[in-house]
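Asker: Start from the sequences and build out the full structure, keeping to the hints where you can.
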Amino acid sequence: MNNLHVTDTNNKKSFHSNMKFFSLRAKYTNKYFFSFIFIIILSIPLFIPNQFLPNLKAATTSTSFSFTAGGDIGGNSNTSTALDLIAQSGSQFHLAIGDLSYSEIAPESNWCSYVKSRVSSTFPFELLSGNHEDGGEAQDGLIDNFTQCLPNRLGGVGTYGKEYYFDYPASSPIARFVMISPNLTFTNGGSYSYAAGTTHYNWVANTIDSARAAGIKWVIVGMHKVCISMGIAPCDIGNDLLNLLVSKKVDLILQAHDHDYQRSKQLALNGPTCTAIQVGTYNSNCVVNDGSTGSYTQGSGPVVVIVGTAGEGLHTLNLCDGDTGYFAKWMGNNVNPTNGLTKFTVSSDQLTVSANFTGSTAPNNFTDSFTITSSTATPTPTPTPPTGSISLRAAAIGNNGQGDSTLTIGLPAGTTSGDVMVAHVIVHPAGNVITPPTGWNLVLRQD
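Using the numbering used here, you'd call the opening residue of the sequence shown number 102 and step up by one each time.
Quick caveat, the hints were computed from the structure, so don't treat them as lab data.
No incorrect hints appear here.
Below, a list of computed lysine to any residue pairs in the SDA-like style, where the Cα atoms sit at most 20 Å apart:
| # | residue 1 | residue 2 |
| --- | --- | --- |
| 1 | K430 | L420 |
| 2 | K430 | D391 |
| 3 | K430 | V380 |
| 4 | K217 | D185 |
| 5 | K217 | L255 |
| 6 | K217 | C250 |
| 7 | K350 | R313 |
| 8 | K350 | T472 |
| 9 | K217 | D245 |
Answerer: Below, the structure written as structure tokens:
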């Protein structure tokens, strides 16, 4: 048996149609037998349960993209392996979160050429300064020169390489990337302090707030230096900045500087039991999800991901550090050591992270993955049931009709614009192709 529900395709917004008499054409390899045809004309407004109109649901536009991130890069064989992972990942861009060449390939223009040879000359390899290129702490090139040969290809607002943000995709963005430089002192630009009340602190707060006001789904903050960590670096960025990001409930905090991989539990302030996260002292009340299942809920608080693994030698992790309790997964020189990158896939409803360092060898293979899922996932729109009366007209149009390819159906008199036709046709043999008339869609067939 074949149940046909046919609608007019000329009306894009709904299943309204200008009803006409027409021939219902069915193409078969064999003759078919129509034992009974029953036509029902329904005048709108009406409600037809969704199970009978599955294809009338409004289509949704799915936006998804991927990017990679990693810092402490250099220019050695491990670096080459990590850069090759970018091309293999199929990502749309890479975030280089500080400490770029280490002068292993110099000057800056030569290092840029080396990177381009691995990822292509036009790939968006987005830069952020580390302490090795700010000009204040080490002399491994200047960020101002690196940004000339690896320019910003994604647009944005601010000073590229130092303090800027961009939204992605450019049209109808679902994520804002806020790239900052806490505790760096630039040859050209001075010191960047993010203590509470400073210009840079307020810039970060306002940039996050404006993303929320614009309805941008995800907020991801990147910087080179760290705060809580099991590595060798202290809290260089300052408690004020860390707690600002936690209080704003950004989704991800991306860092490098410590040459290791660390993924935190989900952090949150919690009234009098956790008024602020204090570095070096673990407070379980500042954790809302321990990350043991690799599944977090968006809006509960940020997850810190330290990825200082893009080429340089790894640091030893302190497994007894006071901050250890804040972390769910880690890798370093003394724990499954390997270099690589982390890949992030972002959609409107979920952020998926995969840290699969393919350069590792047994028994030191290391992988990590986790997801942050929206607690307010956008539902698939369905037609709103209208109110009003239903006018029903029915007619038995044929009995024991037989033909090779065409069946002409005469509809009841009085059809008007906005009518919907439901045709019940019993066909033998079942399973053959049925082609509706021009201008109509077959939206449901049940054999």
